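A.B. asks: One-letter residues, chain by chain:
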Amino acid sequence: MDIVQNTTIEDFKSILLHHRVSPVFKIATPYHGIPGKGSAFRMIFQIAKALNVKACAVVDSDLRSITPEWIELLVKPVIEDDFDYVAPLYHRHKYDGTITNSIVYPLTRALYGKRVRQPIGGDFGFSGKLADYYLTKDVWDTDVAKYGIDIWMTTTAVANKFKVCQAFLGAKIHDAKDPGADLSSMLYQVVSASFELMNTYPDVWKSAKRSESITTLGFQYAVGLEPVAVNLERMIERFRLGVKELRGLWEKVLPQEVMNFLNKADALTAHDFYIPDEIWVDIIYSYALAFHSKVINREHLLKSLTPLYIGRTASFVRENWESSAPEVEDRIENLCSIFEDKKTFLAENWE
Amino acid sequence: MNIFERLIAEPFERFFERTVEFLPLFFSALLIFVLGLVVGLLLKWIFARFFRAVGIDRLSERSGTVELLKKGGMQDSVSGILAKMIGWITIIMFTVISMRTLEIPAVENLLESLLLYLPNVFVAILIILTGYFLANFFGRTALIASVNAGLKLSGLVGRLVKLSIYLLAVTMALEQLGIGRGTIVIAFAIIFGGVVLALSLAFGLGGRDIAKEYLEQKLKGEEEKKDEFNHL
Numbered sequence: 568m569d570i571v572q573n574t575t576i577e578d579f580k581s582i583l584l585h586h587r588v589s590p591v592f593k594i595a596t597p598y599h600g601i602p603g604k605g606s607a608f609r610m611i612f613q614i615a616k617a618l619n620v621k622a623c624a625v626v627d628s629d630l631r632s633i634t635p636e637w638i639e640l641l642v643k644p645v646i647e648d649d650f651d652y653v654a655p656l657y658h659r660h661k662y663d664g665t666i667t668n669s670i671v672y673p674l675t676r677a678l679y680g681k682r683v684r685q686p687i688g689g690d691f692g693f694s695g696k697l698a699d700y701y702l703t704k705d706v707w708d709t710d711v712a713k714y715g716i717d718i719w720m721t722t723t724a725v726a727n728k729f730k731v732c733q734a735f736l737g738a739k740i741h742d743a744k745d746p747g748a749d750l751s752s753m754l755y756q757v758v759s760a761s762f763e764l765m766n767t768y769p770d771v772w773k774s775a776k777r778s779e780s781i782t783t784l785g786f787q788y789a790v791g792l793e794p795v796a797v798n799l800e801r802m803i804e805r806f807r808l809g810v811k812e813l814r815g816l817w818e819k820v821l822p823q824e825v826m827n828f829l830n831k832a833d834a835l836t837a838h839d840f841y842i843p844d845e846i847w848v849d850i851i852y853s854y855a856l857a858f859h860s861k862v863i864n865r866e867h868l869l870k871s872l873t874p875l876y877i878g879r880t881a882s883f884v885r886e887n888w889e890s891s892a893p894e895v896e897d898r899i900e901n902l903c904s905i906f907e908d909k910k911t912f913l914a915e916n917w918e
Numbered sequence: 019m020n021i022f023e024r025l026i027a028e029p030f031e032r033f034f035e036r037t038v039e040f041l042p043l044f045f046s047a048l049l050i051f052v053l054g055l056v057v058g059l060l061l062k063w064i065f066a067r068f069f070r071a072v073g074i075d076r077l078s079e080r081s082g083t084v085e086l087l088k089k090g091g092m093q094d095s096v097s098g099i100l101a102k103m104i105g106w107i108t109i110i111m112f113t114v115i116s117m118r119t120l121e122i123p124a125v126e127n128l129l130e131s132l133l134l135y136l137p138n139v140f141v142a143i144l145i146i147l148t149g150y151f152l153a154n155f156f157g158r159t160a161l162i163a164s165v166n167a168g169l170k171l172s173g174l175v176g177r178l179v180k181l182s183i184y185l186l187a188v189t190m191a192l193e194q195l196g197i198g199r200g201t202i203v204i205a206f207a208i209i210f211g212g213v214v215l216a217l218s219l220a221f222g223l224g225g226r227d228i229a230k231e232y233l234e235q236k237l238k239g240e241e242e243k244k245d246e247f248n249h250l
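From first to last, the protein sequence lines stand for chains A and B.
Sequential numbering from 568 applies to the first sequence in the working numbering.
Sequential numbering from 19 applies to the second sequence in the working numbering.
If you're looking for bench data, these hints aren't it; they were derived computationally from the structure.
In this text, all values refer to a predicted model and were calculated from it rather than measured experimentally.
Idealized CB from N, CA, C, for every residue including glycine.
It is possible that some hints are incorrect.
Okay, the calculated bits of chain B under chain A, using three or more residues with CB under 8 Å as the criterion [what the hints assert, rightly or not]:
#, region
1, 146-159
2, 170-179
Straight-line Cα separation of at most 27 Å, DSS-like style, residue types lysine-lysine; simulated pairs [to be verified]:
#, chain 1, residue 1, chain 2, residue 2
3, A, Lys713, A, Lys730
4, B, Lys170, A, Lys819
5, A, Lys811, B, Lys180
6, B, Lys170, B, Lys230
7, A, Lys811, B, Lys170
8, B, Lys180, A, Lys861
9, A, Lys831, B, Lys170
10, B, Lys180, A, Lys819
11, A, Lys713, A, Lys728
From just these sequences and the hints, can you work out the full model?
C.D. replies: Structure (structure tokens):
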């Protein structure tokens with residue numbers, strides 16, 4: 568930490584009184600284990616346990632907007648305020664994080680009653696105690712070992728009543744998307760981890776009532792964001808292809824009124840294309856129920872969600888073409904309320 | 019010994035003796051057969067209730083067996099079909115035993131050949147069923163993967179995968195049954211090779227422009243406008 572003479576921000580003639588010169592003790596080790604984010608995290612948890620750490624932080628490797636303060640923001644609440652889990656909070660482009668905004672955040676919030684805005688943000692702080700707890704769970708051969716790790720960490724912390732907060736980190740800007748990352752596999756891993764957690768904690772989510780805010784730390788400021796290119800026509804085409812080819816499979820999972828709507832949506836032009844929040848919530852809850860009762864092979868089930876998700880994303884993009892970031896946030900808030908309102912449908916049909 | 023005795027009485031006597039010898043065998047065979055019917059019906063009744071109790075109908079509905087049976091025109095539940103099969107197997111076994119009791123050489127030979135061939139039939143049925151499930155599973159996998167990859171011919175891809183696996187299973191089953199052993203394998207190889215060749219030619223000739231366009235896009239970097247979402 569640098570220490571300067573008592574001064575103001577406009578005064579550039581301040582005198583540096585102290586500058587840390589001793590190196591920071593660090594261990595840098597490459598990961599050669601089983602491929603997958605979750606498997607790599609498991610090793611971090613094991614190191615944290617071996618070193619008996621008080622706090623630990625993990626960050627994504629493709630970040631371009633990360634600053635040294637991020638580590639402080641993620642670790643300090645654990646050390647000073649006794650929190651066990653620090654989720655990130657960012658300003659993101661309105662079309663960024665669509666799986667988070669349309670599925671994971673509203674679902675987690677409705678189920679467990681805590682408003683963790685970025686449950687799969689990828690940058691987290693957690694206590695040594697929580698890292699130990701994670702290691703007691705036998706999930707390392709499931710999708711948790713891959714992209715499912717983020718939602719698993721957040722849900723495990725929330726469902727087991729660990730002290731959770733979120734820290735504002737600023738903008739989240741990352742490298743261009745990995746072209747090898749397959750959307751349907753990513754969606755499958757994240758959603759399957761979320762649905763699997765519903766099987767693990769049925770009593771917790773059934774008893775949780777309306778959601779509540781969690782402590783948010785850090786000063787929130789406006790940030791500039793990079794534009795995001797969108798090919799709306801192509802997305803709608805993907806949705807239509809899904810309706811044409813996967814209709815038979817969807818009929819086994821979705822209620823008749825949703826199927827009727829999807830058949831109508833198939834005929835809509837790009838200008839009118841729209842999948843309302845209510846229909847989307849019905850789709851997700853129906854998929855959760857089908858996953859639970861194993862209506863069909865689970866990988867087939869969740870991978871068949873991809874065209875629906877792309878359609879919903881296209882609808883979201885079209886609806887919010889002219890909207891500002893706060894307006895988009897209001898829409899997400901509205902979606903979350905519908906998820907919470909319809910939760911009784913899920914609980915009643917859960918066998 | 020007069021002619022009457024030799025021509026008429028002796029055959030009648032022999033016939034009478036044989037009938038007297040055969041009758042106990044016949045009655046014991048009849049008894050075994052009736053017993054088989056009773057045991058078969060009883061087992062059918064017991065197993066129908068047992069399969070229903072363990073939830074085999076629900077399981078088969080999830081695995082797609084019900085769909086398969088309905089397609090084949092069967093309206094019975096899976097538990098009912100299995101129970102019937104057990105009943106029929108019992109009845110057939112008792113029938114075979116009862117027929118062997120008769121001690122007729124021709125019937126015994128026939129039964130022996132039938133019994134030796136039966137395992138082949140069971141293995142063939144097993145191959146067909148496994149083939150059907152695998153064909154459905156991989157057909158659906160291919161369909162979903164191609165839809166998610168945005169292939170316009172996804173339906174065709176799914177159906178082709180399904181058909182190929184099913185065809186392979188049928189070939190293997192016929193091979194097992196010993197029907198047209200060499201012919202079936204050669205026919206399968208010709209049909210499958212022909213389909214692949216036809217597809218290659220169709221793609222090569224029909225898709226020449228698409229392939230050219232694709233390569234140009236790849237080499238010159240003129241790619242379609244893609245989404246830059248970070249979905250997570």
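A.B. asks: Now tell me if each hint is right for this structure.
C.D. replies: For each hint, the structure was consulted:
{"no.": "1", "hint": "146-159", "in the structure": "holds (count 3)"}
{"no.": "2", "hint": "170-179", "in the structure": "holds (count 4)"}
{"no.": "3", "hint": "A:Lys713 to A:Lys730", "in the structure": "25 Å, holds"}
{"no.": "4", "hint": "B:Lys170 to A:Lys819", "in the structure": "23 Å, holds"}
{"no.": "5", "hint": "A:Lys811 to B:Lys180", "in the structure": "18 Å, holds"}
{"no.": "6", "hint": "B:Lys170 to B:Lys230", "in the structure": "18 Å, holds"}
{"no.": "7", "hint": "A:Lys811 to B:Lys170", "in the structure": "10 Å, holds"}
{"no.": "8", "hint": "B:Lys180 to A:Lys861", "in the structure": "22 Å, holds"}
{"no.": "9", "hint": "A:Lys831 to B:Lys170", "in the structure": "20 Å, holds"}
{"no.": "10", "hint": "B:Lys180 to A:Lys819", "in the structure": "20 Å, holds"}
{"no.": "11", "hint": "A:Lys713 to A:Lys728", "in the structure": "24 Å, holds"}
No hint from the list above goes unmet by this structure.
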